[in-house]
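Quick note, the sequences are listed as chains A and B, same order.
So the first sequence is numbered by our numbering: it starts at 1 and just counts up by one.
So the second sequence is numbered by our numbering: it starts at 1 and just counts up by one.
Check the hints yourself; a few may be wrong.
[Claimed, not checked] Calculated lysine to aspartate or glutamate pairs in the EDC-like style (CA-CA distance at most 16 Å, straight line): (1) B:Lys587 to A:Asp55; (2) A:Lys108 to B:Asp310; (3) B:Lys434 to A:Asp136; (4) B:Lys587 to A:Glu54; (5) B:Lys434 to A:Glu54.
What the hints contain is simulated information worked out from the structure, not anything from laboratory work.
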Amino acid sequence: MLYENIKRGVPVLFFLFCCVSILFCEIKWLKIQDDINTSRWYSRYASILYRRGEDERKIEEMLKLAVSTEKVEPAAYIQYGTLCFSRGEYKLSYLYLKKGVENSPTDKIARKFLAFSALELGKWKEGKMHLQILIDEFKFYDADMFNALGIVYSDYERNYQKAEEMFKKAIELNPSFLAPYYNLLTIYKITSDTLHYHEYLLKLQNIKKEK
Amino acid sequence: MDKIKGTLLLGLLTLLFFLPAFISKKVFLPLYIYDQGLFYPPKKEKKFHSIIKGDPVLIFYPEDTLYNEWLKKGVLIKWNPYIFSGYPQFANGQSGFLHPIRLLTHFLFDPLTARMIGLFLHLWMCGTFMFFYLKALNFSFSSSLFGGIVWMFCGHMMTWFEYERTVEAGAMLPLLFLSYENYLSKRSYLYILLGSVAFALSFYSRNINWTLYVCIGFFTYSLLRAMLTIKEKKDVKESIKIIYSFLIISFFGLLLASPLIIPTLELIKLSTNFLRTARHFHPGGWEGWLTLFSTFFMPGIIGTPFMPTDCDIMGSRFFEIQGYMGLIPLYLAILSLFGEKSNFIFLYLIFSLIFLLTALSTPITFLFQLTVPGFNRLHEGRALFLWSFGMGILSASGMEKLNGIDNKKLLFSFLLTFFAGIFSCTITFIIHKKCLPSSWISLSNPLFSLPVILTISASITFFILRKHTLLKISIITFTLLDTGFLGYIHNLPVSKKLADFSSAYINVLKNKTGLYRIAGLEPNLSILFKLYSIEGYESLWPDYYYKLLNPTPPPEFAHIRLDVFSNKSVYPLLRLLGVKFIYSPLKKFPPFVPKDKVEKIYDGDVSIFKLEGVLPRAFLINRFKIMNEEEGRKHMLEEEFIPEDFLILNEPPEENLISVQERYFEEALIVDYSPHRVIIKAHAKTDCFLVLSDMYYPGWKVYVDGRKEKIYRAYNILRAVHIKPGYHTIKFIYSPSSYKIGIFLFLSGLFLLLILMVKNVI
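Here chain B stands alone, though its shape is the one from the complex:
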C-alpha cells in the first residue's frame, strides 16, 4: 500500500513540475538556442537558458526527427546521410535508439511529444525507484519519499534535465541497486533479470558518460559492500558472493546492451582521435575546491548562466558540474553522520566522498582514468551525479534520525554545516570579489538572499517544528521549493513554434540542392531540413574523415566545422564532396574559393553562395593511383588537387587493373537514395570505378547487377566499386554485421537468463 501511495505522490509531483508545460503546450527543449547561433533572425520568444544546453537542439532533436520519421515507416535508422557525408548514427553511443520507451513513444507520437513523455516517465521513475530502494532498506515511508524527491530534483538532475540522458540513467541507478540488494537477500534470478535490464537500459540512455558512471557507481557500491561484510561479519564467502552477484548482473547487462555496445565499439576503434585524454574541469587548486564546495550551500554564489558574473569559466561552468542537492537535504545528510553508528551510512559516506574527489580531479580521478576504459574522455566533474545519489540517500537517513537524535547532537551537526557554509561562502566571496558586481552581496540579490531564507527555514524546521506534526511536511515542502525552483528556472518550457524553421532562405536551399551537399550551416541542423551536409557535431567520427576535412583541428573540440572562410585548400574538397551551396549567416564571401567559381544566389538575412564545377555525387572514373592514407591526404590538401584527374585508392584493386593514360570521367545516375540503400544506374564505356561521394564505413555492402562486390576506400573517405564496361545497376546496402552480432548476443543473454529463471523456479 505504501508503495502505491509513494508512487502516486511522486507521480503527482512530476505532474506538477510538468503542468506549466502541459497547459501551455510547451516543450522542455531549449529551442531558443537556434537564435544564438546566428542561424535565423531572432524570433519573438525572448527566453534564454544556459548556453551550455546546445546539445539537445544541435544533436538530439535533429537526430530524433530522423529517427521518428523512419520509425513510423518501420525502419530503425542506423545511417544518417545528412551529416559528415554520411554517418553511422546508431553507433555514436548516445543515440539511445533502442531504448524501449523511446521506441514506443517515437513510434506513436511526434518527436516533441515523444520527448516530453519520455522525460515525464523517467523523472517519475527516478523518484519512484529511489523510493522503492529506500523502502527495501527499511526506511520509513516519509524518509523514502523524501529520498526520492531529493534524487529526482537534485541540482545535477535538474541542470541536465533537458539532455534526457541524466534522468534516464538516474532512473536506472536506484533500480539497479534495488535489484542487486533484492538478489542478495532473496537469491531469485528474477532480480538478476531486473538488474541486468536496468544495467542495459543505462547503456541505452543517451550518453556513454552517465552510463560509465552507473557502471563505476555499481562497482564501487558492491566493492564497498563486500569490504564492509568482511569487516562486520568476518565472512569472506559472503563478500565473494556479493562480488559474484555484481559480476553476474553486469555480465547479463552487457549482453543485453550488446546491440548498442558492439556497433559503438566499431566506431570507437575508427575514432581514435577522440580517445585522447581530456581534462575538462580544472578547479584551480584549493580556491576552486572551496568555490565548488560553497556552491553546495549557495548554488549561484559566483553567478549562474542566467545571471552571469565576470568570473569567467567559473561562472558558467560551475553550474554545469552541479552538486547542489537542496539546503535542507544537505543539513540532513550531515546530520545522518551523527547519532547511532551504522555501516550503511559509512558505506554511503565513502561512496559520496569517492565521487566528490573524482569530480575534483584528484588522484582518484586519475586512478579511474588508468583503470576504466574510456574514462579519460569523460567530464570528471559530472561524477557529481554519483555524489548526489549518495548524498540523497544520506539525507533520507538524516530525516529518519531526526526524531531520535538528542538536542546536543542536532545543534552540533546544524552548526557544523552552517559554519562550513558560512566559511566556504565567505572565502569564495573574497577570492572572486574582483569579478563580482558591486551589488552582489545584498539581500536584494535573490541568488544571495534565497539561501539565507532557506537556512532560516531549516533552523525553524529543526528546532521549532521538530516535535510538531508539520515537521515532515515542512522538510518536504522547503526542499521542493528549493530544488524544484532550481529545476524550474533551468528548464523553462519553450513554445513548440520555435521548432518551425520555415524561412525563405531554407526554401532556396531545399529547392535547389537535390542530392548535392551544403557547407556553412550550423552542424546537424541540416538533418531538420533534409539537406546533405559535409559537417556535423558528434562525439565520435572516423579519423580519416576528421583528418582530411579538419587538418588543423582545435585541440579539445570534438566538432567539425569545415571552415570554408579560412581553409586555403578547401575548394577541391568541396568539389569532390559535391558541395554546391555555401551558407553564410554573416554574409561573408568565401575568400579561398576562386571568385569566378562562386555566385551569390540569395542575399537577405543570410547569404547563400552557389559553387560552380562541383563533381556529381556518383561518377565513373578510370584513372587511379594507389596511395596510403597519409600520402592521399597530403595530395588532397594541396590547392591544385583536381579530383577528376585520377582516383585515389587506399589499397590495390583485387583484379589486375592498370591505370590507363586516357582519362574517362562521367556522371552516374542515382535513382534511389535513402539512408540504408543507394541505387545507381551507370553506363561504363571502359573498365572503371564507380565512386559514390558518401563516407566509407564498415557495414556497407555493394551489389553490381545483383552480384556482391568489394567496396574500396576512395580518396581516403569515399566508397568506390570496380565495374566493367556496359550498363549496370549498382546497389549499396547498409547492413552492419556489428549490429547483427549485438542482436545475437542480446538474444543469447535473454535466453540464458530465462533458462536460469525457470531452473530457479523449479
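Looking at chain A on its own, in the form it has when it is part of the complex:
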C-alpha cells in the first residue's frame, strides 16, 4: 500500500520539483535583468549628460549609481573606469575597467585603459598582457599603446631591442607624437648608440619646430 502510494506520489513530486526549479531560475533572471536595466538607465543618462557637455559632478553621480547595482551593465563599469583614469585615480579605474573587460571582453578602449591603469599601478605583466591581446588578437594599433609597450620592454624587461621596435612603431603610427622620441633617445643613451641618438634628436627638434 505504502509502496503504491509512493509510486503514485513520486511523479507528482518530480513535476513539482521541476516547476519550482524553473520558477526559481526565472525569478533570478528577472532580478538580474532588473539590475542591468537600472544600471543601463543611469549609464545612458550619464552619456547624454557627457555629450551635452554638462558638469562632471553630475555625470559622476549618475555613473556611481550605475555601478552600484548588484548586476551592472558592462558599459557603466567602462564609463566610470575611464572617468577615474582621466582624473588620475588609477586604483579605481583599474578596478572598474577590469570588471568592464571581464563582462565585455571585446571592448578595445576599455582594455586599453585597463592596460594603462595596470601599468600606472606597477602591474607590468598584466598591462603587457592586455596590450598584447589588443595588438595580436584584436589587431588594434594605436601609437599610445605601442609607446606603453615600449616602456614595459625598456623599464621592466630591459629588452632594449624590442623597446626600440615598439617606439618606432608608435612613431610610424603617429609621427607627431613626441613621447616615443624621448623614450627612444633614452634607450640610445643607455645603449650608447650615438648615431641613432643624433638622428632622432634631429627629428624631434624638427617636429617641435613644426608644432
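Please arrange chain B on chain A, whose structure you already have, making use of the hints.
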C-alpha cells in the same frame, strides 16, 4: 463542446498573460524608448527592453494617435500632414487602418486601450485558430490545445508581439489553412469567403513583410499538398483542384484587400529607391548557421538584448530572428518524425525546412527573391515565422504520438535532439568564446541554467511521467513556463504615464510654430505634438522627396534625417519648406545655417533655434523656369539657391505663359488646414502661380474658385497651381482615385463571392 472548451482555455491563458498589465493599468508598448532617443530628460521608469523595438513607438503609436483622433470625427485618415511635408499615410502598406478590429476599437477607445484590446484579441485568435485547424486535422483535444499554445507563445510571436503585425498575421495564417482544408473537404463557398477574409486580413495587418510570408506560406502549403496527392493517390485531377482552390482563395483575398493594395502599389511605384535588394541577415557561413541552430535550444546563448554580450550583431539581432519555440515542443517536433510514417508530417517537415533555409540566406532565399515581387526588400530572417508555424504543428503531432511510440524510438529521438543541442551549443560557445563574459558558462547565469533545467524537466516528463495522468499537464505547464516567460520578459508592460509628453520645450514649439515646420525632432514624434516636420520614418516614400532632402543617404537605412548639422546646402531648403524651428537635443548650434539667420529661443534640457527669412507655407510667385527633376535638384542643392527668385516647374504650364522679368512674390493666406483639405485665399496682382509647400502626390485635386485646375509639381516636391490676377479661393482636396478603385474592387469581390455562395446553397 471541445471547441468551446479549447477557446475558453486559450482565452484564459491570454488573460493570464495580460493580467499584470490589466491590473496595473499598463500597456504593451515600449514607451521607454523615447528616453533612449535623447529626446526628453529620462523619466523615472527605468525599464528597458530591446532597442530593436523602436518602430512601435516611433511609427505605429504616433500614427495611431492621428488615426484615432480622426476616426472619432468620422474620417478615415489617408494623408498625414505632420511628416515628410505631407505623406500618404494610408498607402504605406503598414498602416492597417482598414483592419476591422482596429477600426472598431479605435473608434470606441483611446489609442492605448485600442492597442491593448487588439493585441489581446489577436493573441487569443492565434491560439484558437491553430487549435481549430489541428482539430480539423483530427488531432486530439490536448494535442490541439498544445499546438495552439506553442503557436501563440512561440519565440517569434513573442519577440515581435509589441509590433502588433506578427500576432495579426499569425492569427490569420491558421484560419486561412483551416478554411482551405475545409473547402477541399466540403466544397462550400462559405470557406472560400472565410479563407479570402483571412487572406485579406493578413494584408490589413501592420506589415507587408509578414503578409508576404502568409502568401508564400499558403502557396508552398498548397503546392506541397498537391505534390503529395499525386504521390499518394496518383490523382492529377485532385491535385489540380488543390491548386485551383488556392488560386480562387488568393484571388478573392486580393480583391478584398484591394483598398489597401492599390494605394500601396501607387506609392511603391514612386518609391523605387526603397525597392533595391537588401540583405539583412548574414549568418556568416557555417558558424552563423550553427549559432542560429543553437538558439533553438538555448535562446540566450550569445546574449539577449536585455543581457547583452560583446557578440556584436550576433548578440542583439539573433533575438530578432527568433526561431525558438520552447524546448519541450522542439523535442516533440523531432519525436513526430519517428514512429508511424505520415504524409502530413512529411509535408510539414518540408514546409518548416524550406522556411528555415529561407531565413538562412540560402539559394532558396534567392529563388524567392527572383520570383516573388517585393521579397528582395524583406528581412529574410523573419521567414522563421513560417518555420515556427510548421514546427508548432509538428510538436502537436509529436504529443499525439507520445503515448503510442515505443521506448526505443522515444529514447533515440530524445537523445538525438539532446546531443544535437549539446553539439551546436558547445561549438557556438567555442566560436564566440572571445566575446562572451568570463562568467557566462555558469549555473548562476540563468540564460544558461534555464535551458538545462528545462531539459531535465523534459526528460522527467518523457520517461517518468509518460504513462502518468500528469503527462499532458506537465508538457503544457513546462511549455508555458518556458515560452510564456520568454514572452513576459520581452514584453514588460509599461506605465501609460510615459506617453505623457508635456514639457516646457514642446510647449515652446507648440505655441510658436503655427503652420510653420520644424526639423531635428525624432522622426514621426512630430505627429504626437501636431508639429509639422520635414522629416519622417517610413518604409516607403517618393524618390523625388528622398533624393532632394537626403542627397547622400545611408545605403540601407530607409529613414530620413535631414541633417541640419552636417548638410552644407540645407539652409535654402529649410527656407523653402517653411522650417522655422530647429530642435537640438544635444544643444548643438546648426553650423551650416548663417549665424545672423538663427536665434536661440530656448535653452534647457534641449536647445531650440529659430530661423529667420523662412518662406510662408503658401505664396504667390510669377517668375518660373522649367527644369526636369535632375536639373531642378542640382539647382536647389546649391548653397546660393534662392527659392523666391523663380519657381522651378518640372513641366511646361498648359497655358502659354511667359516668365516675366519683374519679380512678384507675396504670401497667401491659409484659412483652413486639415489633413485632407487646404483652403487658401489669395490676391494675385498678376498672372502667377500659387505654391503650397506640401508634398506633391497623386490624389490631390485643386479647385480655384470652385473650378478644377491642374496641379503642377513645383521645386520637384511641392504643389503649385496657376492663378490669374484678382481675389481667389483655392481649395486643395485629397481624394485618391487609387483608394476608390480599391473600394470598387473590394465590393465587386464581395458581391461575386455572395453570388457564388447563394448559388452554392441553391
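Identify every previously stated hint that the structure contradicts and give their numbers, smallest first. 5
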